[in-house]
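S.K.: If you want the building blocks of each chain, they are given just below.
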Amino acid sequence: MAIELHNITKVYRSRRAGKKTVLNDVNAVFERGHSYGILGINGAGKSTLLRIICGAERPTFGDVRKDVSISWRLGFVSSFNSSLTGMENLRFVCRIYDADIKEISDFVEDFAEIGNAIHEPLRTYSSGMKSRLAFGLSMAIRFQVYVIDESLAAGDYRFQEKCRAEFERRREESDILMTSHMPNAIRNFCDRGGVVHKGQLKLFDSVEEATDYYEEVTA
Amino acid sequence: MVDPLPSRDVDRAPFSAAWFSELSRSLAVMGRVIHAIMIREARTRYGSSKIGYTWAIIDPLVTTAIFVAIFSLLGRSSPIPGPIVVFFVSGIIPLFFWRGAVGQAASAVSASLGLLTYPQVMPADVVIGRLLLEAATTVIVFVLFLIGLNILLGISPTWFFGDPPRLLLATLGLLYFTLGCCFLSSSLARILPVWQNIWSYMSRPIWILSGIFFTLEQLPSGFRQYMAYNPVAHMVEWLRSAMIPTFDSSVYSILFPMTFATIALIIGLIIDRMLLLTGDEEIVS
Numbered sequence: 003m004a005i006e007l008h009n010i011t012k013v014y015r016s017r018r019a020g021k022k023t024v025l026n027d028v029n030a031v032f033e034r035g036h037s038y039g040i041l042g043i044n045g046a047g048k049s050t051l052l053r054i055i056c057g058a059e060r061p062t063f064g065d066v067r068k069d070v071s072i073s074w075r076l077g078f079v080s081s082f083n084s085s086l087t088g089m090e091n092l093r094f095v096c097r098i099y100d101a102d103i104k105e106i107s108d109f110v111e112d113f114a115e116i117g118n119a120i121h122e123p124l125r126t127y128s129s130g131m132k133s134r135l136a137f138g139l140s141m142a143i144r145f146q147v148y149v150i151d152e153s154l155a156a157g158d159y160r161f162q163e164k165c166r167a168e169f170e171r172r173r174e175e176s177d178i179l180m181t182s183h184m185p186n187a188i189r190n191f192c193d194r195g196g197v198v199h200k201g202q203l204k205l206f207d208s209v210e211e212a213t214d215y216y217e218e219v220t221a
Numbered sequence: 003m004v005d006p007l008p009s010r011d012v013d014r015a016p017f018s019a020a021w022f023s024e025l026s027r028s029l030a031v032m033g034r035v036i037h038a039i040m041i042r043e044a045r046t047r048y049g050s051s052k053i054g055y056t057w058a059i060i061d062p063l064v065t066t067a068i069f070v071a072i073f074s075l076l077g078r079s080s081p082i083p084g085p086i087v088v089f090f091v092s093g094i095i096p097l098f099f100w101r102g103a104v105g106q107a108a109s110a111v112s113a114s115l116g117l118l119t120y121p122q123v124m125p126a127d128v129v130i131g132r133l134l135l136e137a138a139t140t141v142i143v144f145v146l147f148l149i150g151l152n153i154l155l156g157i158s159p160t161w162f163f164g165d166p167p168r169l170l171l172a173t174l175g176l177l178y179f180t181l182g183c184c185f186l187s188s189s190l191a192r193i194l195p196v197w198q199n200i201w202s203y204m205s206r207p208i209w210i211l212s213g214i215f216f217t218l219e220q221l222p223s224g225f226r227q228y229m230a231y232n233p234v235a236h237m238v239e240w241l242r243s244a245m246i247p248t249f250d251s252s253v254y255s256i257l258f259p260m261t262f263a264t265i266a267l268i269i270g271l272i273i274d275r276m277l278l279l280t281g282d283e284e285i286v287s
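First to last, the sequence lines map onto chains F and L.
The opening position of the first sequence corresponds to residue 3 in the numbering used here, with each subsequent residue numbered one higher.
The opening position of the second sequence corresponds to residue 3 in the numbering used here, with each subsequent residue numbered one higher.
Some hints could be false.
[To be verified] Label-pair restraints from in silico Cβ distances:
| no. | chain 1 | residue 1 | chain 2 | residue 2 | range |
| --- | --- | --- | --- | --- | --- |
| 1 | F | Val219 | L | Leu25 | 44 to 52 Å |
| 2 | L | Pro166 | F | Glu6 | 50 to 58 Å |
| 3 | L | Pro166 | F | Arg67 | 49 to 57 Å |
| 4 | L | Ala30 | F | Arg171 | 29 to 37 Å |
| 5 | L | Thr56 | F | Lys104 | 21 to 29 Å |
If you are wondering where the hints come from, they were derived from the structure by calculation, not from laboratory data.
Model, not experiment: these values are computed from the prediction.
The C-beta atom is built at its ideal place from N, Cα and C for all residues, glycine as well.
Hey, can you work out the whole structure from these sequences and the hints?
M.R.: Next up, the structure:
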């Protein structure tokens with residue numbers, strides 16, 4: 003077992019728009035040793051699903067059982083405080099994950115390539131620098147599952163290649179769970195696929211099957 | 003490799019070995035999260051300032067000093083035997099701590115939505131972290147006052163340690179009282195954002211009515227009857243009785259503020275739990 007979703011339902015309530023059911027009674031098992039790419043059109047509920055899986059948000063009903071460590075969404079920067087320096091934000095994350103500050107900061111300085119800016123307040127960063135810092139930090143902490151939300155994917159081509167190479171190196175110990183609305187993007191990282199459509203999640207044993215189903219339901 | 007977070011295991015029975023190991027792992031996680039939040043809050047409270055946490059000390063120090071100076075210079079005589087400054091400081095410092103902590107708790111969750119996306123960071127951690135930071139700041143401010151009063155006015159610190167065991171108890175009582183109020187304040191702010199404004203209007207009259215300028219004991223009994231509904235006034239009277247050697251009030255209740263705190267704590271925790279279970283709170287994506 004790695005991650006099990008049991009009867010996950012997520013309803014958003016808004017004063018203006020009323021209730022909106024984003025996920026409706028989702029059951030699924032993500033097995034250890036496989037990387038999953040979740041396809042779905044914009045607004046299908048991919049990001050909600052990821053937030054629920056990595057614990058950023060709670061489902062309205064149902065529960066998530068997991069016996070693996072799961073990263074926060076890669077490149078997520080909203081948890082950073084803009085008046086703290088990059089290093090201070092890094093230390094905070096190290097403290098809550100009980101990670102070695104020296105080891106992590108060495109890795110991030112090397113990986114994020116933001117140089118001395120790491121000692122400057124975050125409000126002086128460009129958005130690219132911020133997300134490189136966030137990426138480096140999530141890569142530095144060794145999780146068993148890394149969660150990537152395509153909408154947060156950042157950095158130039160070279161940086162993305164670097165991330166890919168790093169994931170390749172981690173294949174043995176870490177899996178990936180990512181979302182995208184483009185099948186091509188997940189083929190690079192994943193060996194299994196899934197589709198979120200009309201509040202339902204369907205998992206497949208290969209990215210091809212998932213792609214076929216995705217094209218079928220969205221066509 | 004990071005360990006998985008303790009998860010709610012459906013199979014474990016309460017008070018079994020597995021239950022205790024899960025509890026201790028959860029408490030360890032909570033401890034390090036609160037520690038991290040305290041450090042972060044200390045740095046960000048005065049975000050744009052270069053000296054950061056130093057401001058967190060200077061700010062209440064100056065405010066308290068100004069209040070104490072004004073009231074002392076107004077020339078009123080102390081309602082109890084001893085220097086008037088002792089009387090004011092013993093009331094203002096606990097009151098400012100309580101007021102500051104409850105105000106901090108009101109904005110705790112809305113200011114930390116980004117942090118709450120880390121699964122191990124819970125709203126309660128932010129509330130407790132802010133409370134402990136406020137407590138640490140108060141202790142530092144108090145010690146600085148003791149030193150300052152001793153040097154400037156020759157007032158011996160023993161004026162504030164009349165009955166040490168009782169003072170310890172009263173301090174723990176104040177911590178518990180503030181904890182209860184903080185949880186209620188934080189939860190109210192989460193369901194009623196306007197609570198933060200209400201609190202800023204409420205907090206001023208409350209501290210005027212909480213016994214900085216008078217003791218409950220000296221009030222005429224008809225008036226005291228109404229004042230006695232304010233649990234904060236009881237806390238101030240209790241602490242003052244424990245601190246000042248020449249003062250021992252007979253009209254305050256310990257049971258009342260403690261009951262108030264317990265009810266506030268329970269309501270606060272219930273609201274917190276309800277918001278967590280429904281997952282209905284605003285999140286940062």
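S.K.: Which numbered hints does this structure break?
M.R.: none
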